[in-house]
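Throw the hints in and build the complete structure from the sequences for me.
Listed below are the residues making up each chain.
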Amino acid sequence: KQEVTQIPAALSVPEGENLVLNCSFTDSAIYNLQWFRQDPGKGLTSLLLIQSSQREQTSGRLNASLDKSSGRSTLYIAASQPGDSATYLCAVRGLRGTASKLTFGTGTRLQVTL
Amino acid sequence: EPEVTQTPSHQVTQMGQEVILRCVPISNHLYFYWYRQILGQKVEFLVSFYNNEISEKSEIFDDQFSVERPDGSNFTLKIRSTKLEDSAMYFCASTTGTGANTIYFGEGSWLTVV
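Those protein sequence lines, which keep their order, are chains A and B.
Going by the working numbering, the residue at position 52 of the first sequence is 151; the numbering climbs one at a time, nothing skipped.
Going by the working numbering, the residue at position 15 of the second sequence is 892; the numbering climbs one at a time, nothing skipped.
By construction, these hints were calculated from the structure, which means they are not laboratory data.
Straight-line alpha carbon distances no greater than 30 Å define the calculated DSBU-like cross-link-like pairs of lysine-lysine that follow:
| no. | chain 1 | residue 1 | chain 2 | residue 2 |
| --- | --- | --- | --- | --- |
| 1 | B | Lys934 | A | Lys141 |
| 2 | B | Lys919 | A | Lys100 |
| 3 | B | Lys960 | A | Lys100 |
| 4 | B | Lys934 | B | Lys955 |
| 5 | A | Lys167 | B | Lys919 |
| 6 | A | Lys100 | A | Lys141 |
| 7 | A | Lys100 | B | Lys934 |
| 8 | B | Lys919 | A | Lys141 |
| 9 | B | Lys919 | B | Lys960 |
| 10 | B | Lys955 | A | Lys141 |
| 11 | B | Lys934 | B | Lys960 |
| 12 | B | Lys955 | A | Lys100 |
| 13 | B | Lys960 | A | Lys141 |
| 14 | B | Lys919 | B | Lys955 |
| 15 | A | Lys167 | A | Lys100 |
| 16 | B | Lys934 | A | Lys167 |
| 17 | B | Lys934 | B | Lys919 |
So, in structure tokens, the structure goes:
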């Protein structure tokens, strides 16, 4: 059974800092890994999708890397801003099952302070 | 940009009542999912649906839950006799296919059982 873990559970940084969020998964049989952002009480906003054959993906100040063999992904946020404050979730899409569901991590709650 | 829409955004119901949560997936998508997130916990997979039948379900998805695609556009989750522990945010999601395709999520339906 796939298990997804995210470290740290919470992080507080001053504005302008670069930061790294970590995600690890136990079963490397995945199609892809997706990073989401979730604001309190809100839905899931997809940030980056990285395929199992890729090493990294970039979107603006965000960069996600994937090391499938070691079961790890990182989300790098450059020059953090208060508007980046949210919970960040990683989710892996497994190969098993007809519809290959996503398995989510517990999330990292990020607070960027002024 | 096409999006997954969910109704209602918030529903309060009494324990033991039946609830139907509605979703309109993106129009050309073929795979549909329901996930739930209990407050403060991780997003959990409930069920996937393809070709008018359930393709996979979790242990959470017991006999009190059912899903239906009553027409070409709607996808519903029914909870027959709600319990206090059913209080959660329920997310609908859809995708064009398995594998490399992005899974898109709706904004969620908050269900509060009192």
